[in-house]
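There are 2 protein chains.
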Amino acid sequence: MKVLGNIRDVQQHVKQVKKEGRTVGFVPTMGYLHEGHLKLIETARSENDIVILSIFVNPLQFGAGEDLDTYPRDEERDRNLAEEHGVDVLFLPTTAMMYPEPMSIQLSVTKRTDVLCGKSRPGHFDGVAAVLTKLFNIVMPDQAYFGMKDAQQVAVVDALINDFNYDIQLVPVATVREEDGLAKSSRNVHLTAGERDEAPAIQESLQAGRQMVEDGERSPARIIESVTKFLESRTRGRIDYIELLSYPELTSVDVIDRPVILAAAVFYEKARLIDNVVFDRNGKITTG
Amino acid sequence: MKVLGNIRDVQQHVKQVKKEGRTVGFVPTMGYLHEGHLKLIETARSENDIVILSIFVNPLQFGAGEDLDTYPRDEERDRNLAEEHGVDVLFLPTTAMMYPEPMSIQLSVTKRTDVLCGKSRPGHFDGVAAVLTKLFNIVMPDQAYFGMKDAQQVAVVDALINDFNYDIQLVPVATVREEDGLAKSSRNVHLTAGERDEAPAIQESLQAGRQMVEDGERSPARIIESVTKFLESRTRGRIDYIELLSYPELTSVDVIDRPVILAAAVFYEKARLIDNVVFDRNGKITTG
Chain A
22 MKVLGNIRDV QQHVKQVKKE GRTVGFVPTM GYLHEGHLKL IETARSENDI
72 VILSIFVNPL QFGAGEDLDT YPRDEERDRN LAEEHGVDVL FLPTTAMMYP
122 EPMSIQLSVT KRTDVLCGKS RPGHFDGVAA VLTKLFNIVM PDQAYFGMKD
172 AQQVAVVDAL INDFNYDIQL VPVATVREED GLAKSSRNVH LTAGERDEAP
222 AIQESLQAGR QMVEDGERSP ARIIESVTKF LESRTRGRID YIELLSYPEL
272 TSVDVIDRPV ILAAAVFYEK ARLIDNVVFD RNGKITTG
Chain B
22 MKVLGNIRDV QQHVKQVKKE GRTVGFVPTM GYLHEGHLKL IETARSENDI
72 VILSIFVNPL QFGAGEDLDT YPRDEERDRN LAEEHGVDVL FLPTTAMMYP
122 EPMSIQLSVT KRTDVLCGKS RPGHFDGVAA VLTKLFNIVM PDQAYFGMKD
172 AQQVAVVDAL INDFNYDIQL VPVATVREED GLAKSSRNVH LTAGERDEAP
222 AIQESLQAGR QMVEDGERSP ARIIESVTKF LESRTRGRID YIELLSYPEL
272 TSVDVIDRPV ILAAAVFYEK ARLIDNVVFD RNGKITTG
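So the sequence lines, in the order shown, correspond to chains A and B.
Positions 22 to 309 (the numbering used here) are the ones given, in order, by the first sequence.
Positions 22 to 309 (the numbering used here) are the ones given, in order, by the second sequence.
Possibly wrong hints are sitting among the right ones.
Repeated chains share a single entry, so a pair holds when one copy, or any two copies, can fit it.
[To be verified] DSSO-like, lysine-lysine: derived pairs with alpha carbons at most 27 Å apart:
1. Lys-39 x Lys-23
2. Lys-40 x Lys-23
3. Lys-305 x Lys-205
Quick caveat, the hints were computed from the structure, so don't treat them as lab data.
This is chain A alone, in the form it adopts within the complex (with noise of 0.2 Å):
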């Protein structure tokens, strides 16, 4: 595996894999990898020549009085995971090199973001459409990798595609689950032994939401109604949002004509916990 702290070392690099024929899959990440992350770098691998991960905890996506400095790092145990799953090049630059003065162009994110985790994180997502920017002109990928876990960033990242016209397949990866269904995530780790044996039934609520479409339910309203029902009498975590939305639009709907996600956030005593599922007018799971 190559290790590249250098911009410039990771594009000679890509444009002489691309001379050579060869395919590039991108997974960015924010580094402290878990099993999300390698299920991420396992399908790049299965999809392409070469696969690049990069690390780089992005100061632009975190706003005031959020954990920027806290954020947990651990290279070497990164490094090592990234070899073992067949990463080819793995870039770590340095916020110098990311940002070595502040931007003359800044870029705002004007949809897609008013809505679920974006309501109350102003500014995240300009801040990596930014460096997603930045790291796809960097690395030049043929594919990038995102989790659904976020699929509001997936949702981003498409209209960055779209918007900008890269030349980059983007591709969902469906969150990873514990057994019972609770979506990995490294803040599982803070829930209380009580809490940890209700979060199951975040998934289980939207999945009966879902099942509601699937037969016959069409009112966004009456679906988000009997999730919260659900999920009220199964949990003693406070409901943040639970949202039924088009999707990768992320407007609002009236009728279920068209994909859309339903995602809850909920908090716990030490942890917010967010999950959602994806799927067509018929209740179809379609990414995630």
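Given the structure of chain A, go ahead and fit chain B onto it with the hints provided.
For chain B alone, coordinates are given in the frame of chain A:
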């Protein structure tokens, strides 16, 4: 010459070209080609294996009340000129193809724009940045060619390439001039005979300012004062601005201790002419 109207077709073609190890030079234009454009094409032709010319009148860079609807077009003449000058691929996208819907991601150029012509064209360079971001991702050039006549545009493209880490060499090309030094412009035809006689004074005045630096002057204020007097004595045109700024940062300078641009805009009866000269701290011309 290949004439392509489809974004995908251009991307497929360029991918193939790159696999063959050939280099791509790109000349983005709004058409109605004149000698300035032809010089860009010729320069690109001499420095690359493949030359791609785009013609697209970009609505995003026209402000309210600007001349989008009356912007001159002559596709047949442009096609012939492109073919005669050795263009390999002429890319002619429609507005519907470039902007199938309003973009979800807005670009704001926050530096290099509140000076020179940018002052009177709010949002203009945001539109330029948006279309170039798209075109760069479609054409994926090794080198991109821009005329120094619009030095501020060159400065903004420089910022775009640096900020977004495009692996593209920006090639500024010297302004094409009439024998008496007047910068070529499609707007020159709107000058009266008397105005046409006087107009070379614009470049003469800027060169006189540059000569002051070569002779040891380092004060922008004294140079601007002198250039203004010179120009006022040589033409009845009304001066819009004469500015001396760092280049390519386009920030004001107290003393000339770095590369700078000395630029002017002059209103005549039916035309507003612009011109500039870029030189180093010793008055030596560096670009353009």
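message: Cα distance capped at 27 Å. Does Lys-40 pair with Lys-23 within a copy, between copies, both, or neither?
response: The answer is both: 19 Å in one copy and 22 Å across copies each meet 27 Å.
- Query: Given identical chains, is Lys-305 near Lys-205, meaning Cα to Cα at most 27 Å, within a copy, between copies, both, or neither?
  - Reply: within (23 Å within a copy, 62 Å between copies)
Practice item. Give the relationship of Lys-39 and Lys-23 under a CA distance limit of 27 Å: within one copy only, between copies only, both, or neither. Key: both (17 Å within a copy, 23 Å between copies)
Comparing the model with each numbered hint stated earlier shows that all of them hold.
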